Amino acid sequence: MTFFPKHITDAEDMYKLIYNTYRERIFDHIKGKVKNRNDIRDISQNVFFHLWQYRDALGGTNTENIIFKTCNQEISKFFKTQRKQTLGNDYHLPEVPDDSVEQLDAKLIKEEQLKAMQDSIDMLPPSRKQLFTMNKLEGVTQEKIAFQLNLPKKTVQKQISKAMIFLKNLHNNS
Numbered sequence: 033m034t035f036f037p038k039h040i041t042d043a044e045d046m047y048k049l050i051y052n053t054y055r056e057r058i059f060d061h062i063k064g065k066v067k068n069r070n071d072i073r074d075i076s077q078n079v080f081f082h083l084w085q086y087r088d089a090l091g092g093t094n095t096e097n098i099i100f101k102t103c104n105q106e107i108s109k110f111f112k113t114q115r116k117q118t119l120g121n122d123y124h125l126p127e128v129p130d131d132s133v134e135q136l137d138a139k140l141i142k143e144e145q146l147k148a149m150q151d152s153i154d155m156l157p158p159s160r161k162q163l164f165t166m167n168k169l170e171g172v173t174q175e176k177i178a179f180q181l182n183l184p185k186k187t188v189q190k191q192i193s194k195a196m197i198f199l200k201n202l203h204n205n206s
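Numbering (this note's numbering), first residue to last: 33 to 206.
Read the hints as simulated data drawn from the structure, not as lab findings. From a predicted model like this one, the values you see are computed outputs, not experimental measurements. Just to be clear, a hint being listed does not mean it is correct.
Computed list of lysine-lysine pairs in DSS-like fashion (alpha-carbon distance at most 27 Å, straight line) [as the list claims (entries may be wrong)]:
no., residue 1, residue 2
1, Lys200, Lys139
2, Lys101, Lys63
3, Lys168, Lys112
4, Lys101, Lys112
5, Lys139, Lys65
6, Lys185, Lys142
7, Lys147, Lys161
8, Lys186, Lys168
9, Lys139, Lys67
10, Lys116, Lys161
11, Lys200, Lys185
12, Lys176, Lys186
13, Lys112, Lys142
14, Lys65, Lys176
15, Lys48, Lys65
16, Lys161, Lys200
17, Lys168, Lys190
18, Lys142, Lys67
19, Lys147, Lys67
Label pairs and their computed distance ranges (CB to CB) [claimed, not checked]:
no., residue 1, residue 2, range
20, Gln180, Gln85, 25 to 33 Å
21, Ser108, Glu44, 36 to 44 Å
22, Lys112, Lys186, 44 to 52 Å
23, Asn70, Asn97, 48 to 56 Å
24, Asn205, Gln105, 34 to 42 Å
25, Lys194, Gln150, 16 to 24 Å
26, Gln85, Arg57, 14 to 22 Å
27, Gln85, Lys190, 35 to 43 Å
28, Leu140, Gly171, 41 to 49 Å
Just so you know, even glycine gets a beta-carbon here, dropped at the ideal spot from N, CA and C.
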């Protein structure tokens, strides 16, 4: 918790002090929840705009709570807006010819390919399968896998590479 000097009575000076004290922490807080740097900047700007509107209430003992509550509210607004935009886009699809038979065929082919790939992955030795699945299907980095399983990083890299070669050869020959 940051304590602010009592001699600052001007709301604008208090706002400047708060901005300089919290801007990096706010950015990092938002960065923990939102990945796109431009979105992080937009949300940060909205936070400080909101704080500017209520600058007269800042500077007390609950200032930090107000700041991070505002952050969370702006992050929530951002995700709500994103969700509405995504849902709104689904309702305004342009009319296209009915190609449902082709889409169904493509989907069936894709499902068959996925099933064949899963069967191929199941053919891997258990430890190699575990490393491959963690890295390629679950998105865990090789460094984290090595740390979690207490293995050298080179071992993890080699096993994943061997799995990739095996799968590539198996599917190129079929």
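Out of the numbered hints, which ones does the structure contradict? Hint check: 3, 5, 6, 9, 10, 13, 18, 19, 20, 21, 23, 24, 27 and 28 fail, others pass.
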